[in-house]
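J.: Sequence:
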Amino acid sequence: MGHGLRQQWPALALALVGALAVATCVPQRRRSRAGGVAVGSLAEGTVRVVVLSDTHLAGPEYPLFSETGQLDNTAITRTQQRFWRAVHAANAVRPPASLALFAGDVVHNGIKYLATLGLNHTGMARLFAEPVNGFSVAAALLSRLRMPRLYAWGNHDSLTKCGQPAASAGRALLARVYRHYFGGAAKLYSSVNLGPWKVVSLNSMLGPTWDPTSEHCNTLLSSYGEEQLRWLDGQLAEGRPTVVVTHFPLTTSVLGEVETRHRWRDLASVLSAHSNVRLALSGHFHKGFDWQGLYPFPAAVLPAIRYNPQSFQVLDLLPDGSWEWADAPKNRGGGRCSDWWSYAGQARFEASVQPNDGGDCGVPAAGEEAQFALPDVLNRSSIPPVDRFNPERSCRFELAGPFLRACADGATPDCCDVVADTFRLSSTAPFSTCLCQPAFFEAATAHMEQEHGQDLTAVLGACVQQQRKLIVYRGGPLTWCPAPAD
1 MGHGLRQQWP ALALALVGAL AVATCVPQRR RSRAGGVAVG SLAEGTVRVV
51 VLSDTHLAGP EYPLFSETGQ LDNTAITRTQ QRFWRAVHAA NAVRPPASLA
101 LFAGDVVHNG IKYLATLGLN HTGMARLFAE PVNGFSVAAA LLSRLRMPRL
151 YAWGNHDSLT KCGQPAASAG RALLARVYRH YFGGAAKLYS SVNLGPWKVV
201 SLNSMLGPTW DPTSEHCNTL LSSYGEEQLR WLDGQLAEGR PTVVVTHFPL
251 TTSVLGEVET RHRWRDLASV LSAHSNVRLA LSGHFHKGFD WQGLYPFPAA
301 VLPAIRYNPQ SFQVLDLLPD GSWEWADAPK NRGGGRCSDW WSYAGQARFE
351 ASVQPNDGGD CGVPAAGEEA QFALPDVLNR SSIPPVDRFN PERSCRFELA
401 GPFLRACADG ATPDCCDVVA DTFRLSSTAP FSTCLCQPAF FEAATAHMEQ
451 EHGQDLTAVL GACVQQQRKL IVYRGGPLTW CPAPAD
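UniProt numbering puts the sequence shown at residues 1 to 486.
Just so you know, not all the hints are guaranteed correct.
[What the hints assert, rightly or not] Only pairs whose alpha carbons sit at most 20 Å apart, straight line, appear in this in silico EDC-like list of lysine to aspartate or glutamate:
#1 Lys187 with Asp233
#2 Lys161 with Asp211
#3 Lys112 with Asp211
#4 Lys161 with Glu130
#5 Lys112 with Glu67
#6 Lys112 with Glu130
#7 Lys469 with Asp417
#8 Lys469 with Glu67
#9 Lys469 with Asp421
#10 Lys469 with Asp414
#11 Lys161 with Glu215
#12 Lys187 with Glu215
#13 Lys161 with Glu67
#14 Lys187 with Glu226
#15 Lys469 with Asp455
#16 Lys469 with Asp387
#17 Lys112 with Asp72
[Unchecked claim] DEER-style ranges, computed between Cβ atoms:
#18 Ala92 with Gln450: 44 to 52 Å
#19 Val132 with Asp455: 55 to 63 Å
#20 Arg261 with Ala373: 16 to 24 Å
#21 Ala273 with Pro375: 46 to 54 Å
#22 Thr260 with Glu442: 31 to 39 Å
#23 Ala237 with Pro385: 25 to 33 Å
Rather than coming from a laboratory, the hints here were simulated on the basis of the structure. The beta carbon of each residue, even a glycine, is placed where N, CA and C say it ideally should be.
All chains should be built: construct the whole structure from the sequences, respecting the hints.
T.: And the structure:
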């Protein structure tokens, strides 16, 4: 196995002790009603859901030092311990949750490892016969959750190589692996009814951008396929208040993926057609932030358990069709890391048995952005390396000015290179699709006009149309990132 990860069961046991000795904060609600519910109780008919994303559980087969930068290489060695802590913290939530909702990347590159054994029946038989691998570790840890589970799979739970169908995992193979390790409820996409509510998990990788034989194949983008979109339209037509979870954020979903005049031509059309969509959640970018009214319904990105075991959140679905977070302040304002909470309603105390896992959070840390010095970034070679610049919090405009300096003279090749790299659709990019977040885009537009006399939208459009760059921005032509209202 080479320099693979080693099972660290003693560390897991210690992590359990630490998970039970966490400092308590008083939960506050992102949305509240008059006469809010006290800590430790729920209004009658309320359904509680624990939402988690990007556990990236790595087994002993995964080679060390394969990640991008020191932060990711360190974090991948701690995924088992961190998810162990998250499981026990989630089990301690009182009143307990009725569902654990996963937003993808459950196992880190497990299907990619299967490809080394064979993407066929023989390879699966070899995988299933192994005593320990990433899938079996994940299954063991997931079995400790005291609630049913619903999965929206991620890119690390799949494998597509554009132009290489023989090196890509087909749907039937993926479905069999998921079912073998995670049970019959682990389908490619599915839904569950909870009281008056419906929770829908979608698969972001069943459309043309993840079809290795398609001319539109590009695994940085998400697409859903006609079959799934028609199914989703039917689910929403039931009229129940609905939470939709995808792995890829909505900003990555392509427009017009199905050639039809019906509303299942893309995810944007289906979701926009139904007023009962109450909330859309996703993962993939590893930092927790919301889209600030970008869509016809509230939408948010979840932080990653991979970096911090407290980066799950508790969602309460109320019987009147509204919802509220029980622990909204826990995440650090759009951060990779979250603060430590206890959910049983006890008095506040400091952990004494074992220090809390502070997480692998990034540089600059939350709250230190204004003091972080960055030189102007004028071309691709001057983009700071990820080990020196990897912000904990997402879409902080005070960090973006030096990068936009490359576009002072318009859509030059250097400008387009810098923007395409630093705003690319990847969790390793410092500003992943931040040009879709309304406040960030407004600040960037004003900055370019005031400091450089440039129209940001025109510059970005030229980079896309003339230099063929993949840049997602408000009103852009590629994905569901709506333009500002006039």
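J.: Now tell me if each hint is right for this structure.
T.: Consistency of the hints with the structure:
With a C-alpha separation of about 18 Å, the suggested pairing of lysine 187 with aspartate 233 holds against the 20 Å cut-off. With a C-alpha separation of about 8 Å, the suggested pairing of lysine 161 with aspartate 211 holds against the 20 Å cut-off. About 16 Å separates the Cα atoms of lysine 112 and aspartate 211, which keeps this hinted pair within 20 Å; it holds. Of the supplied pair hints, the one linking lysine 161 and glutamate 130 is violated, its CA atoms being roughly 25 Å apart against a limit of 20 Å.
Distance restraint check for lysine 112 and glutamate 67: the Cα-Cα separation of roughly 14 Å lies within the 20 Å cut-off, and the hinted pair is therefore satisfied. In summary, the hint linking lysine 112 to glutamate 130 is supported, as the alpha carbons are separated by about 16 Å, within the 20 Å threshold. Distance hint between lysine 469 and aspartate 417 is fulfilled; the C-alpha atoms sit about 8 Å from each other, no more than 20 Å. For the given pair, lysine 469 sits about 25 Å from glutamate 67 by alpha-carbon distance, which is inconsistent with the 20 Å threshold.
A C-alpha spacing of about 10 Å is found between lysine 469 and aspartate 421, which places the hinted pair at or below 20 Å, so the restraint holds. Between lysine 469 and aspartate 414 the alpha-carbon distance is near 12 Å, which keeps this suggested pair within the 20 Å criterion. A hinted pair counts as satisfied when its Cα atoms are at most 20 Å apart, and lysine 161 with glutamate 215 qualifies at roughly 12 Å. For the hint pairing lysine 187 with glutamate 215, the CA-to-CA distance comes to about 27 Å; that exceeds 20 Å, so the pair is violated.
About 19 Å separates the Cα atoms of lysine 161 and glutamate 67, which keeps this hinted pair within 20 Å; it holds. With a CA separation close to 17 Å, the supplied pair lysine 187 and glutamate 226 stays within the 20 Å bound. Between the alpha carbons of lysine 469 and aspartate 455 the distance comes to roughly 18 Å, so the proposed pair stays at or under 20 Å and holds. For the given pair, lysine 469 sits about 25 Å from aspartate 387 by alpha-carbon distance, which is inconsistent with the 20 Å threshold.
Distance restraint check for lysine 112 and aspartate 72: the Cα-Cα separation of roughly 18 Å lies within the 20 Å cut-off, and the hinted pair is therefore satisfied. Take alanine 92 and glutamine 450: their Cβ atoms lie about 50 Å apart, and the range 44 to 52 Å holds. As the Cβ distance of valine 132 to aspartate 455 is approximately 56 Å, the hint placing it in 55 to 63 Å holds. Under the hint 16 to 24 Å, the C-beta atoms of arginine 261 and alanine 373, about 54 Å apart, miss the expected range.
At roughly 47 Å, the beta-carbon separation of alanine 273 and proline 375 lies within the given 46 to 54 Å, and the hint holds. Separated by about 35 Å at the C-beta atoms, threonine 260 and glutamate 442 satisfy the suggested range of 31 to 39 Å. In this structure the hint that alanine 237 and proline 385 lie 25 to 33 Å apart at CB is violated, the actual value being about 49 Å.
Hints 4, 8, 12, 16, 20, 23 from the earlier list are contradicted by this structure; the remaining hints agree with it.
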